[in-house]
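S.K.: Below are the chains, spelled out letter by letter.
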Amino acid sequence: MSAEISNDDPDVEVPEVSRRGFLSTTAAGGVAAGVLPSSLAAGRADASAGRAAPSGGQSSALSVTVNGRRHQVTVDNRTSLLDLLRERLALTGTKKGCDQGACGACTVLVDDRRVNACLTLAVRCEGAEVTTIEGLAAQDGERDGELHALQRAFIEQDAFQCGYCTPGQIMSGVACIREGHTGSREEIREWMSGNICRCGCYVKIVNAVEQAARGGRD
Amino acid sequence: MHPFAYTKPADTRSALVAGARGGRYIAGGTTLVDLMRETVERPGTLVDISGLPLRDVRTGERRELRIGALARMSDVAAHPRVRSAYPVVSQALELSASAQLRNMATIGGNIMQRTRCTYFRDVSAACNKRQRGSGCAALEGYNRSHAILGTSDACVATHPSDLAVALAALDTVVHLLGPDGERSLTLTEFLLRPGSTPDREHDLRPGELITALEIPPHPQPLRSGYLKVRDRQSYEFALTSAAVVLHITGGVIRDARVAAGGVGTVPWRLTAVERRLVGARPSDRLWAQAAAEASHGARPLRHNGFKTELLERTVERQLRTVGGTP
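Residue numbers (this note's numbering), protein chains in the order written: chain A, 1 to 218; chain B, 1001 to 1326.
Treat each hint with caution, since some may be false.
To be clear about the criterion: a stretch of chain B counts as covered by chain A if any three or more of its residues have a C-beta under 8 Å from a C-beta of chain A, and this derived list gives those stretches [as the list claims (entries may be wrong)]:
(1) 1045-1053
(2) 1246-1252
Non-contacting residues of chain A with respect to chain B, defined by C-beta distances greater than 10 Å in every case (computed) [to be verified]:
(3) Val-123
(4) Ala-149
(5) Gly-183
Partner residues aside, some chain B positions facing chain A, computed with beta carbon under 8 Å [said to hold, decoys possible]:
(6) Met-1001
(7) Ala-1005
(8) Tyr-1006
(9) Ser-1124
Hints listed in this document are in silico derivations from the structure and should not be mistaken for laboratory results.
Glycine included, C-beta positions come from ideal geometry on N, C-alpha and C.
Construct the complete structure from the given sequences, taking the supplied hints into account.
M.R.: Here you go:
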């Protein structure tokens, strides 16, 4: 899978052995078959997410900035922002849970607003600035790679188990803090309700959002 | 998802031309993209109207509130005048969906959203709304979440919008623009009961666009609020809901507007409840008596008989919350 991406997208840096490539290889050998629950739609992208675009005006050229980096791609009009990120730009931090706007695992920021990437058609993101979980850590100078305050809070509060919903929880939490909906634990719970955690880590997720909100750093 | 062409007109005139050619308008896309993925919706062309100047929320000369069709749910809910003058609207919005979806979905799209009936969403099931004449799997199927008011033998699906319930209570007007010009009708006229043609959900002509929703001026002071009852605390559609709007002066209810959600095939105005309230003085007894009229005409199905009493209790509680007890 990693080879497919690196062949098609010269603007994307793909590590020699990506996590996805590793998983797909090991899953094929049956070793990691239990790691990826079949109920998750993670591995299933629309056929439209593939590189080949249909003819007849059903694909579009697109310029979109992701984590500060501009990408010019041609997409099948059916491609979701989620599939663009995962399948084309190799940014697999954003997760595919339900693929129907019901779980929040795909939450990203588009022009600084949190949205469900699964219900966002990529073709509609022309000119947009997208921030994903990969873009949260500091990317400059001495603090390069330093985690965002909410990422640190999730670690310190032990706010996840399987981790599948975590990138969406964190992106949603970052927006929740910016929006100012952190006045109480109840308010955090309500404004984080678009992110489902099937492991049931809600208490610690609220702890983490509360901690980062109090810390003041955004 | 079926393949489609995509166009993003720069102005309203171009959008209308594309719409008249059979293009399907897309605003927030939260319903449409989801249903396209399920192949319930199969538009040949999407006309992206998000660039059109239909996003303003403003107060007019008569103190009417005009909400642009492309205003996002989150922005309208947070709008200072909406919050101060019509808490029922901001509450209905903030009790809907999730913060993410409210950042995407628009006001015009909200009232156009399609039912959550699982048989409608399942292309292998019979559904007169999806395909006229194919039957209704919900009638004899699992119908716990379905409607008890405004149903027909062809369809028992609920209208899922909370906002539309609040707007119906406020006599909101829908402004439309089409190839033949502008026209306006009330939201209650705009949304159609299923009858024998449940595939016709609204009185929108081919190529017509919703440009704005307008809440007419109401007598002051106005108290209002929205109560939503559901299976989980948040991020869920209503089992029942109640929008209550009261104008009380001198200890007497001068004007009452009550509508219910989760129970009707369209947002359901409870006119019998309203009649009980107007001219009366607020009291716990009055709230109970009026609420007892809420399920007038209800036709419960096999699994949703509980909605009749739940609706009455929902209305009673929200009447007490908004109207108070002297």
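S.K.: Going through the earlier hints one by one, which of them does the structure break, listed in rising order?
M.R.: The structure breaks hints 2, 3, 9; every other hint is satisfied.
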